[in-house]
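Protein chains in written order, with the working numbering: chain A, 1 to 292; chain B, 1001 to 1270; chain C, 2001 to 2347.
Heads up, some of the hints might be wrong.
A few chain A residues that don't get close to chain C, going by computed Cβ distances all over 12 Å [what the hints assert, rightly or not]:
1. Lys32
2. Leu72
3. Ala118
4. Asp136
5. Phe163
6. Val230
Cβ pair distances, simulated, as ranges [to be verified]:
7. Glu2286/C <-> Asn1184/B: 33 to 43 Å
8. Ile2028/C <-> Gln1065/B: 53 to 63 Å
9. Arg35/A <-> Thr2284/C: 27 to 37 Å
Source of the hints: derived by calculation from the structure; they are not laboratory data. From the three backbone atoms N, C-alpha and C, an ideal C-beta is built for every residue, glycine too.
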Amino acid sequence: MEWLFFFEVSLAGLGFGALYALTAVAFVVIYKATRVINLAMGEMLMFGAYLFFGFAAGMALPVWLALVLALLGGALLGLGLERIVIRPLLGENPISVFMVTIGLSSVLVGLVEIIWTATPRSLPDFLPSDPIFIGDAFVAPKTFWSFVIAAVVIGVFLVLFRFWRGGVALRATASDQGAAYAMGINVPAVYSLSWGLAGMLAAGAGILLGSVAGISSEMGVFGLTVLVVVIVGGLDSVLGALVAGLFIGWVESLAGVYLGGEYEHLMTFIILMVVLLLRPWGLFGTREIERL
Amino acid sequence: MSILRVDGLSLAFGGLQALRDVSLDVAPGSITAVIGPNGAGKTSLFNAVSGFYRPQAGRVVLEGQDISRVTPPRRAALGLGRTFQNIALFRGMTVMDNVKLGAHVRTRTGPLAAMWYLGPARREEVRIRAEVEQEVFDFLEIDHIRRSPVAGLPYGLQKRVELARALAMRPKVLMLDEPVAGMNREEKEDMARFILDARDQWGLTVLMVEHDMGMVMDICDQVHVLNFGEKIAGGTPAEVQAHPEVIAAYLGSDDMATLRERLRGERGAA
Amino acid sequence: MRIGSPKETYAADEGLFRTRTQWAWFGILLLSLVLFPFLSNLYWLYLVCLISIHVISATGLNILTGYTGQVSLGQAAFMGVGAYTVAWLDNHAATPFVLNLLAAGGVTTVVGMVAGLPSLRVKGLYLAIATIAASFILHFVFLNWESVTGGARGMNIAPPQAFGHELANADTFYWLVMPVTVVMVLLAANLFRTRVGRAFIAIRDRDISASVLGISLPVYKLMSFAIASFYAGIAGGFYAYFFGAINPESFPLLMSIFYLAAVIVGGLGTILGSILGAVFMTLTPELLRYGVDVMEPFVDDASALLSPVRTMVFGLLIVGFLLFEPHGLAEIWRRVRRFFHLWPFRN
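Chain A with its partners taken away, still in its complex shape:
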């Protein structure tokens, strides 16, 4: 085995893994605040990427403005979905809410295909394209920069989550909704906040993913891998999202190169099955105690 090649493949995997981690954080935020498993996360990500495409390529706005508008659009999408569809169902059977998000994902795919057709597109280049070397190992510049940006965004998010009022409210709601409510935290506002924040994170991840791999109406499938990531990491664990995101990215990259492209997702889902059978609450998740 060639170690340098292995190293390069690993780096590429970690680069992709950072995008998994970023989206997984969005997933975890929603789950922590509202206990909803959002199967439309991949489609929210896709929608964000298409917004960016629409603003930057369609309306020919400057990249920075398109970026800001797309992120805002992602946040608005999250807010809207929470307010219109999710909130009326809170407290209902979690399975219903889960199935509603499946429906939402279909709606978003249809919407994107109606507006932008199903043809795959590529996003305007905005990441630097000078080749990057770490030691002797070559890293594709887009992968490198998307990793860096994702890492920075996650860092900022972690700081907010830890110190900002909203972040504290979110954590309080996550650990005990009733107590948070009694302490004067505006719990519905926290719901909105979590979905808005997650929408923005997803849009960001979508733009990064799109600039690395292009965009299409099928890119929401990415969300399924992210689902695996959060289950492996633990649905309510930000740390788990980060670790599992990088891990799954790395494994997929290795499987894709050494076993063949068709094994990428097979590996992911085999890992999922193993985790579900051995440790269904994930590596860092909280184990829920069953009551009679």
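Assemble the complex: chain A is given as a structure, and chains B and C must be docked to it using the hints.
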């Protein structure tokens, strides 16, 4: 000879010791109560006997057979029937189907026979229906609601349907978790009568958790008292009432006032 | 107005249809199913055959998801297993179609039970996700086990032969698929007259209490998976015969969502719901197609909009029904029926 014996049962959730070395015997044909302040471990004890909780130590013995390692459904089939503290009826089914479900442990029909609904499957269903109608519905006076969905029923009736379902299991030991909680006086009296009649008619043994001291003192043969997961007393109602540790356990807890009042009230009434 | 329906025996009161009116309606339904091919054209027969296949599969999924509460997003992949079984037997064994269909049901039952194993360990959403994983793994097998499945090219299937006739078109195929559908729906309905069906519902409503009351969760969960997969397998076998060609993309995740949508729209946990849902979800795209035809002269490229609009409408139906009519079309139907039972008195 006891029909159900709990032997040195200890149960912990993480650091919380729910039960500590609890032993008790239930005599066949008796009505035995487990009482104690809130959080004393009464329902935990029931759940351990049902097999839902796995105790760290101790044994559960039914009719001389150690069932400590037996799964909950097998325990049900061996003769442990029960009701639940916060009514566990199946909301998607009618009263009839809920009660018929109790007969699950003593019926055999498999999926293929069920789908064709011929011969044995049909006969078994009709037999169960007749039994439920003649033995349980008439006895508990719920035949008028047999086709109602359980979800909309008043609380007292739901409790009664739950008892009906447990009776349809034809258990050897009927475990009732707070059978009269939240009922008015009239409903309580009905329930007490049903329990006594059920014992007499089918020769059941009844083990119950109950907060209503009047009821416990009235109908029970044996009373066991739990406090902080430990058994602090056991004996006839009169013995238990006089037991200093029992009085101490209830002292200071909210139940004390009620206890004393109830005891006085019941004695006055009798 | 209808008042009461006295019975002499418990057996009569346990019947699938309890009133003479119900029997009459059932008779009328059967009669119209028999007469339908003579009064209809090939296009409608084609649609009804398709609906039948969907009804079988949706009924299976409803047993698993609607009645037993185990959400599955693997129904399409299980159909794939049935379809490939039929295709393989057709290409390699030249066995009669009845045998092939039964084999499809059998093989899929086994595969479905294996895929249902995670249900012993996890439930609810985790299980739904495990079934997604199972369908990805099955898709991988369809695509890569080339010696058996023909890989990405897929396989062709000759039309079934019966009494010297080729059942190649909808007008003949109807006589094969429709009776089987009717029987399978009745079998499913019977299930819920017995202890097995009650056990399923009990697991859905309160699994732990059910277990304490004597219902073995592993046995009945796997049984539910087995039955749902058997239905999927038969439906998949019919699918293969009906279209004559299959490939790995014939059974995408979207198709599983289609079936989930069908049982939600029709009504979770009702047999009637599976039928109504399958009919509704099959006819909706046709209606959309019709709408597109009407719009063709006015909108550029209207036909290109068909597929995305369909995707979106599926999604909207799932969301809309869950939000506003969570018991589905079956509940609407019940309300209508009640109205007529009580007529002319108001409830």
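Structure-inconsistent hints, enumerated in ascending order | 3, 6, 7
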